[in-house]
Amino acid sequence: MKNFKLPLTNRRSFLKTSGHLLIGFNLFPLSFCSTKETEELKNLYHGIPERPHKGREIIDSWIRLDAEGYVTILTGKQELGQGIRTALMQIAAEELDVPFEKCRIINGDTGQTANEGYTAGSNSVEGSGSAIRQAAAEARLFLLKEVGKEWNISIENLKVKDGIILGPEGKKKTFWEILNGKYLEENITGEAEFKSPDRHQIIGKPYQRAEILDMVQGKPHFVHDLRFPDMLHARVVHPPSYGSKLKSLDTSSIMEISGVEHVIVDGSFVAVVAKREYQAIKAWEKIRAISEWEKSLIKISPKVLFEDMKRNSAAPQQVEKHLDINSAIDKSAKTLKSTYTKPYHMHGSTGPGCSISLWKDDQLTVWSPTQGVYPLQNTLSDLFGLKKEQIRCIGMPGSGCYGHNSADDVSAESALIAKQVPGKHIRLQWMRDSEHQWEPYGSAMQIALEAGIDQEGKITAWKTQIWSDTHSTRPNGKAGHYISARHLENAFEFQKGGFSGGSYRNAAPLYTIPDRELLLHNYEGPLRTSALRGLGAYGNIFALESFMDELAKAAEIDPFEFRIKNLNNPRAIEVIQSLKLKSNWENRDQSRDVGYGLAFAQYKNSASYYAVLAEIHKSEQEGKFRLHKLTGVIDSGQCINPDGLKNQTEGGMIQSASWTILEAVQYDENGITSKDWSSYPILRTNNVPEVEVHIINRPEEKPLGAGEAAQGPVAAAIVNALSSILGRRIYDLPLREYFS
Amino acid sequence: MKTISLQINGKKHQVEVEPEEPLLYILREEFQLSGAKFGCGLQQCAACLVLVDNSAQYTCVSPCENFEGKTIETIEGLRKGDKLHPIQKAFIEVQAAQCGYCLNGMIISAVALLRENPNPTEEEIKASLHKVICRCGTHSRFVKAVKNVSGYR
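These protein sequence lines map, in sequence, to chains A and B. The first sequence begins at 1 in the UniProt record's numbering and counts up one residue at a time. The second sequence begins at 1 in the UniProt record's numbering and counts up one residue at a time.
One thing to keep in mind: the hints can contain errors.
[Stated by the list, open to error] Among chain B residues calculated to face chain A with C-beta under 7 Å, some are: (1) F31; (2) G35; (3) C40; (4) Q88; (5) C102; (6) R135; (7) C136.
[Said to hold, decoys possible] Straight-line Cα separation of at most 27 Å, DSS-like style, residue types lysine-lysine; simulated pairs: (8) K144(B) x K582(A); (9) K205(A) x K147(B); (10) K102(A) x K83(B); (11) K245(A) x K496(A); (12) K675(A) x K126(B); (13) K629(A) x K144(B); (14) K604(A) x K458(A); (15) K331(A) x K458(A); (16) K145(A) x K159(A); (17) K89(B) x K205(A); (18) K624(A) x K131(B).
Derived by calculation from the structure, the hints in this document are not laboratory data. Keep in mind the model is a prediction, meaning the values are calculated, not measured. Heads up, the beta-carbon is just placed ideally off N, CA and C, and yes, glycines get one too.
Use the sequences and the hints to build the structure in full.
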């Protein structure tokens, strides 16, 4: 990795004496040219020198204290808008005892940070957060010991405040003085104890996200905003539909377009490279107009999709086995049976995927909005037959992704183009219809539930059957997962590689039910699918919590009481009880113009607890309704940044409301017809409900992933509210026809 | 190619460009003003908004020559010296952002609204932000931030 290795010695002393940092590269050189105000001066601190991480087990891979008096945290996780940078800095500042303002952070970069896989599954605080917490505590202990040795004092007699170690007789020394430019290369032993929560001063407080200051001023922030000298702009023309093959393209007429430098045709992979972005777009339009394709049809139409799922799925996988669930249900006092469906949903990122690649001297560098820089490196290694050491992937903020959207595809494509145009930075951005038509969707699902209850309203037996395509085709080392790799002359084959547990995520009820069975019918559906925020949990909780409402009604028990009656998990019960109080349930509007719906879930049955009440009003339009309010209560254990947790939860609620009310990917035999925001509308400001989030903070508990907690419950709560106001049950999403 | 003159953030510039090239690409490439974003290229998402004679306008389709003789302000031009625009401050105070890709459209829409109507109702605020696509679901915070700046409480 010759390009990226830095001398490990001398550099620091050079930096110290020169007083200025010379960093490997400055991501946004232009952003510092414009003004000379205080903030820009602050920004002159460009960060630590680059150096490859040396293994997860040493402190330096997570925490660096540099010559200029800052602390840099390194995480393998990506900032996706969830505020992870701020939360991780809070954790480090707390355990190290340094001011938050002194902290900086570097996100996933195979040249610098540890391999933490994908930023997914609401795992960042639980995963990276705990690694950073440990490294910080260990760093603090090491520094205390160093000073203890020097002063010949037991560390029990030392205190730390704001990065300064205080000893008797006014002795003091800062962390930075102790290190004197050295790296913290000590092992993380596990010996250091964490601060007890009652001493926390940074964790649990609302800290602002530093990047918002840049964003509100339109400063370069996203991968889309990166600029390099002599950078060229590319566009890829994707086939008109899945599996279509390029028949002919007259490249000479494309080369005639002003500014066009390269037209790349490799099998059915077609790309154009031009000097200016707009020239690339004009060429892209012309290629679309003149290229001829052998079209492949989509055989399963939306009309027969759910029928086909039942007919053509694999033999069921028994996730939870029962010898004879049917008779267990039949024996119950009351029995119920319902089937629910959800359509394909889109990630629908506001900004189409973008990445920049440079292929130079057998080294490939990719600036990418991926959720996992190391998995990207692995997969590019498979695609190009390069050694991993020859590839550097640098994670950059993209437009919110909410799962596996185009980010990895666009990264592979910019690299494919860069290989043909070595020595130049190639910036590729997808066009809107590519993003809509080619991203992998959240799978359509069908969920059939059967249950029995006893005289008291206790659930006695429960059977779940799920039909779903896979919820994970992330390209974790397999190039065939990139759509463009499948389009090459020497095509990579797509191997689905088994169905993941994502399909039955949250399908097992958290409720205390003695007899239960869970069957999963894996289905290979017509559309490309992968991870979308919450995976199968959205569909499964929508069904489960809709069904809970039906059972509550059958048992003639209040929906709050019915759920509590069937739970024995105290935190689950408290979230529901708290929502009952916060939403003023007892004094709700009981007129026929308002409908309420409750839902609850613990995400993955192991992460955050979340309960929500939806309030629907009759609209001025005859027979139509509007979503008036969503009130949620969340318990994510120890809360790191309450405002960040609220923001993300509010966002999840509104996004889920949008999926539930409006969204379904449209397609016909010729391909995807949802190709822009008019053919795939999402919720906009006029129709967004009021959202209210309450946090149950449990500083003594471990922090729990929260980013996806709201997705499923909100769907069920809206459906329950609508069903209540309509006086009949709704089983199929979306709910578009009912809303004004 | 044609020389056109554009007034951007208080300065006059002459640029030699294809007159049909939409303003968005000129702003991002010629002027390194990357606040306005490409979102759809169809005038459906409002990621590309700038202020043109004080009103919020799309830049992803309209040829740059259509903007000659007009006053263009981008999000980068809202801050005056050390002073952030009140809307920028309000967005920071409310922490009205998740991924932030739609922020340009939200902020430009809000500034255009407040210049025309300093005391908008909640409905008017919502209506003015309605054209901007936000996928993270930060809408309620955007509305709150604009409320905090306007006379509305």
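Now the hints, each set against the structure:
1. F31: violated (10 Å)
2. G35: Result: holds, 2 Å to nearest chain A Cβ.
3. C40: Holds - the Cβ of C40(B) comes within 7 Å of chain A, reaching about 4 Å at its closest.
4. Q88: holds (4 Å)
5. C102: Hint holds; C102(B) Cβ to chain A Cβ min 5 Å, cut 7 Å.
6. R135: Because about 5 Å separates R135(B) from the closest Cβ in chain A, which is inside the 7 Å limit, the hint holds.
7. C136: For C136(B), the interface hint holds, since the closest Cβ of chain A sits about 5 Å away, which is under 7 Å.
8. K144(B) x K582(A): holds (21 Å)
9. K205(A) x K147(B): It holds: about 25 Å lies between the C-alpha atoms, which stays within 27 Å.
10. K102(A) x K83(B): Measuring from Cα to Cα gives roughly 24 Å; hence the hint holds.
11. K245(A) x K496(A): Within the cut-off at roughly 21 Å; holds.
12. K675(A) x K126(B): Satisfied, since the Cα-Cα distance of roughly 26 Å is no more than 27 Å.
13. K629(A) x K144(B): holds (15 Å)
14. K604(A) x K458(A): holds (23 Å)
15. K331(A) x K458(A): holds (13 Å)
16. K145(A) x K159(A): Holds, because 12 Å separates the two Cα atoms, which is no more than 27 Å.
17. K89(B) x K205(A): holds (20 Å)
18. K624(A) x K131(B): Measuring from Cα to Cα gives roughly 23 Å; hence the hint holds.
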